[in-house]
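Undergrad: Chain by chain, the residues run as shown.
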Amino acid sequence: DAGITQSPRHKVTETGTPVTLRCHQTENHRYMYWYRQDPGHGLRLIHYSYGVKDTDKGEVSDGYSVSRSKTEDFLLTLESATSSQTSVYFCAIRRDNTNYGYTFGSGTRLTVV
Amino acid sequence: DAKTTQPPSMDCAEGRAANLPCNHSTISGNEYVYWYRQIHSQGPQYIIHGLKNNETNEMASLIITEDRKSSTLILPHATLRDTAVYYCIVRVDNNAGNMLTFGGGTRLMVKP
Chain A
600 DAGITQSPRH KVTETGTPVT LRCHQTENHR YMYWYRQDPG HGLRLIHYSY GVKDTDKGEV
660 SDGYSVSRSK TEDFLLTLES ATSSQTSVYF CAIRRDNTNY GYTFGSGTRL TVV
Chain B
2 DAKTTQPPSM DCAEGRAANL PCNHSTISGN EYVYWYRQIH SQGPQYIIHG LKNNETNEMA
62 SLIITEDRKS STLILPHATL RDTAVYYCIV RVDNNAGNML TFGGGTRLMV KP
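Top to bottom, those sequences are chains A and B. Numbering of the first sequence is given in the working numbering, commencing with residue 600 and proceeding in unit increments. Numbering of the second sequence is given in the working numbering, commencing with residue 2 and proceeding in unit increments.
Rather than coming from a laboratory, the hints here were simulated on the basis of the structure. Glycine is no exception: its CB is placed at the ideal position from the N, C-alpha and C atoms.
Simulated coverage check for chain B against chain A, where a stretch passes if three residues somewhere in it have a Cβ under 8 Å from a Cβ of chain A:
#, segment
1, 40–47
2, 102–112
Label pairs and their computed distance ranges (CB to CB):
#, chain 1, residue 1, chain 2, residue 2, range
3, B, 42, A, 619, 16 to 24 Å
4, B, 20, A, 672, 37 to 45 Å
5, A, 609, B, 29, 38 to 46 Å
6, A, 683, B, 104, 16 to 24 Å
7, B, 40, A, 650, 28 to 36 Å
8, A, 653, B, 4, 26 to 34 Å
9, B, 42, A, 683, 16 to 24 Å
10, A, 617, B, 75, 42 to 50 Å
Chain A extracted, bound-state conformation (with noise of 0.2 Å):
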């Protein structure tokens, strides 16, 4: 959608687990971001990405960590699942030089069990 793609699109997991999940950008703008939502609260930011290597903390970024080696790909790593992690994922790209250009990924859908 736009350029913007996430992966994968529902995963069902294990407490404990480690779980990576990616968002790809084909049109290699600069900001990238991950949010999630959940019933009740909204969309919420987690980590977001200034450039390669470039990262810092959103709103609920406790249990979670982000990398991004490269420019088109920004991970989100879960590094141990839990229940309360259970939500969607959305993704989200700013388009440089626009002031209002932020695009969302399709979103994927995590169960932890």
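Add chain B to chain A, keeping to what the hints say.
TA: Showing chain B alone in chain A's frame:
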């Protein structure tokens, strides 16, 4: 970024105009008003944004009050496909990578 207040839900008849209000009384002079919507299970989608002038595009119109403390998103002829959660966000627009902060939004139900 300034906080926003939106009604949690609204109904609209198909074919009629949907007017979604947003209060942002603490908005600063350099903060823009953005509107996004999220159709069930999809990622949020940009609709429109503005600073102080009214704006219109192919999707909607944005009316910002003169004091900028509130705004209204107008969908001129709502269709069933416009049923979604609509988010009003205010933020400074610069290249420092300010992220979007989402509130609860308004759940718009368009009814036949």
